[in-house]
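Those sequence lines, one after another, are chains A and B.
Going by the numbering used here, the first residue of the first sequence is number 1, and it counts up by one from there.
Going by the numbering used here, the first residue of the second sequence is number 1001, and it counts up by one from there.
Quick caveat, the hints were computed from the structure, so don't treat them as lab data.
Treat each hint with caution, since some may be false.
As the list claims (entries may be wrong) - One side only, chain A facing chain B, incomplete, derived with CB under 7 angstroms:
| hint | residue |
| --- | --- |
| 1 | 66 |
| 2 | 69 |
| 3 | 70 |
| 4 | 71 |
| 5 | 72 |
| 6 | 148 |
| 7 | 183 |
Where a beta carbon is used, it is the ideal one built from N, C-alpha and C, also for glycine.
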Amino acid sequence: MLFELVWSQDKSSFLIGEATHGHHQIELACATCHTSPFGGGEVIQDACVGCHGQELASAEDSHPKAKFTDPRNADRLAVLDATECVTCHLEHQNEQTRAMGVTLADDFCWHCHQDVAAERPSHEGMEFDTCASAGCHNYHDNKALYENFLVKHANEADVFMSAKRPLREAVTQYLANNPNTKALTVADIELVEQAPGEVYQHWQASTHATVGIACNDCHQSADGIWQQQPKIQLCQNCHQQEWENFTQSHHGMRLSDKLTQTLSPMTPAQGRLAFQPSSLAAEMTCSTCHGPHELNVEKAASESCLSCHADEHSLAFEQSPHGQLWQQELAGEINKGEGVSCATCHMPVVEQGKQHQVMHNVNHNLRPNEKMLRTVCMNCHGLAFSIDALADKDLIKNNFLHAPSVHIESIDMALERLK
Amino acid sequence: MKNTLKMTLAASSIAILTACGGDKEAGISPQQFTDALHLVMDSDRAVYTKKVVGRLTKEEKVIKASEHFMDDKALPLPAQMFRFGAETVAEKTDEFTYSLQSLWPINSQNAPVTAVEKEGLQFIVDNPGKNFYKEETLGGKNYFTAIYPDVAVAPVCASCHNDHKDSPKTDFKVGDVMGGVVIRVPLG
Ligand code: HEM
Ligand code: HEM
Ligand code: HEM
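Turn these sequences into a full structure, and let the hints guide you.
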């Protein structure tokens, strides 16, 4: 009873320590993770898996819980309980939290792999805090780092002649699957008093008109009443995948259906990164990046980003070779697909289910950044070049202004072992 | 079926089970349980190897089998299929666990870890045709552990392992015991 009383009120006083970068946006939706006030680790574990389980599965997690529950691992688990997320990722422990929310010392691989040099002489003398930090291994996602992959992509050029990013194909796919779709123009619809003329022009030129979606499809409620400002949740009726991805990201997580409590959309003012002062109050919803009528996805791919993001990396983008290519693509000087925008790296077109769709979770490939190798970098660059570039901290700061100045030896080592 | 097993396995050790052999309520012994599980596992793996991998890769030649089946859009190898099954079981129950192990593993995760695993894998190599059964204590709990030999029934078993760059042994021959299936059941 007492518990209910306090629990339902402002909870900021209960915070035992600042939440990590990953969770600070939802730190006051306590019950999302603490599903039961008296629950222990297993309750929290369910919450972790509820939000992150799918991602781990698609990363082909190298250390899934199921590999550790066999009693033969009892001795190992006594040292490090790898069956629970919180063993490595403690929340509210700001002082000891490292990259990716890891709260263990960086040499944690040692606990189970101390004798690695016996099998791999090349690893003799390597420090255990370098395994996961040198661009060689990750604890969960090794999809682009396993030995045969390194060998298969050894000796690739730094930049491919055929360099091109995958293009969006959702609209062509939709039209192919729905051959009876009829495109609409202003002449086909009933004009609405409340709307200024430019809205009609924007709409008529947009994908929505191409696929026969008009005003009432979004602006009318189920019982036929005009909605001047449709809610963002409406978008998900047609854009389920985008919604799911968006609400898993640092852009949309405050709107996630998985939260036990409704939060307002994220704004730069609530963020921990550097933002444009003029953007601080901007609320992050679908139409923030591509307006509801214009649906301009080119603008959404870098102009929108830069209207808010103002950290060193973001501000360096326009001067970078990628940014220059993007300007050339927008000006029609090079082919579509040859430019690189913010979205090319952070919201790439990837295979989801059987379709190629824009990945609306900007965090899906962010950390560890080797996640970008397969779906982003390797469309245009060889594996060795890409690994080196992602391991070069200065390059990330200046948004890939020059060739990498560090070299990661993983491919060399993989080739050496074949000899 | 599952509930009876749980009750008998949890309530009794093998000694009690065999001692009251006449009692109809006693249910099946841990060894009967692991023997039955092994029969299912072994048959499923043989069927997958023959009717799926063998047929599609060698007879009909429509697809390859590959260790990197996701990237190669190929079939998982029988040993991987077996391990994925074991990992799926581990997600659903802790009433038994199993794995395919070897003293000379390609995947170092399949090397024996406990004293009984090491003893048993050596035993089945030294005593062809025999299974190995023993109780062991792990993390303060008692287990019944059964180990069944895994034999190179076809030349490809030996050649694929011998040629693999991660294999510590390169002279397997047809008929060799290459490793063993380890099945473990918690006791009382
Ligand atoms: C396609 C364009 C954009 C790209 C590529 C982009 C990229 C990113 C990335 C990668 C993150 C995650 C950073 C992290 O986890 O450390 C992020 C977070 C964020 N972005 Fe964007 N962004 C874009 C547009 C915008 C816009 C238009 C706004 C403003 C309305 C915005 C506001 C934010 C905020 C508030 C965060 C969360 C910061 C925090 O939690 O501290 N972004 N963005
Ligand atoms: C849940 C809200 C959102 C919905 C329903 C939505 C929906 C869509 C759809 C349907 C497309 C076209 C996809 C395709 O052709 O494959 C698209 C493209 C795009 N969206 Fe969103 N979106 C949402 C939020 C956002 C936000 C917040 C941003 C910016 C941070 C954003 C940036 C982009 C970009 C950059 C593209 C085009 C990328 C390219 O051309 O490669 N979207 N969106
Ligand atoms: C103006 C366009 C871009 C925007 C708004 C943007 C935004 C961001 C943000 C907000 C972060 C997180 C920074 C932090 O945590 O302090 C980030 C990191 C990163 N971005 Fe971008 N980005 C842009 C362009 C690019 C491009 C074109 C690439 C790829 C060539 C790229 C690759 C990366 C990488 C590798 C990281 C680092 C991840 C890590 O190691 O933590 N970004 N970006």
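Hints and how they fare:
Interface restraint check for residue 66/A: the shortest CB-CB distance to chain B comes to about 4 angstroms, inside 7 angstroms, so the restraint holds. Annotation: interface hint on residue 69/A holds; nearest CB of chain B at approximately 5 angstroms, less than 7 angstroms. With a least beta-carbon distance of about 4 angstroms to chain B, the hint placing residue 70/A at the interface is held under the 7 angstroms criterion. At its closest, the beta carbon of residue 71/A sits 4 angstroms from a beta carbon of chain B; the interface hint therefore holds under the 7 angstroms criterion.
A distance limit of 7 angstroms between C-beta atoms decides the matter here; for residue 72/A the minimum to chain B is near 5 angstroms, and the interface restraint holds. At its closest, the beta carbon of residue 148/A sits 6 angstroms from a beta carbon of chain B; the interface hint therefore holds under the 7 angstroms criterion. Taken as an interface hint, residue 183/A does not check out: its beta carbon lies about 36 angstroms from the nearest beta carbon of chain B, beyond 7 angstroms.
Violated hints amount to a single one, hint 7; each of the other numbered hints is respected by the structure.
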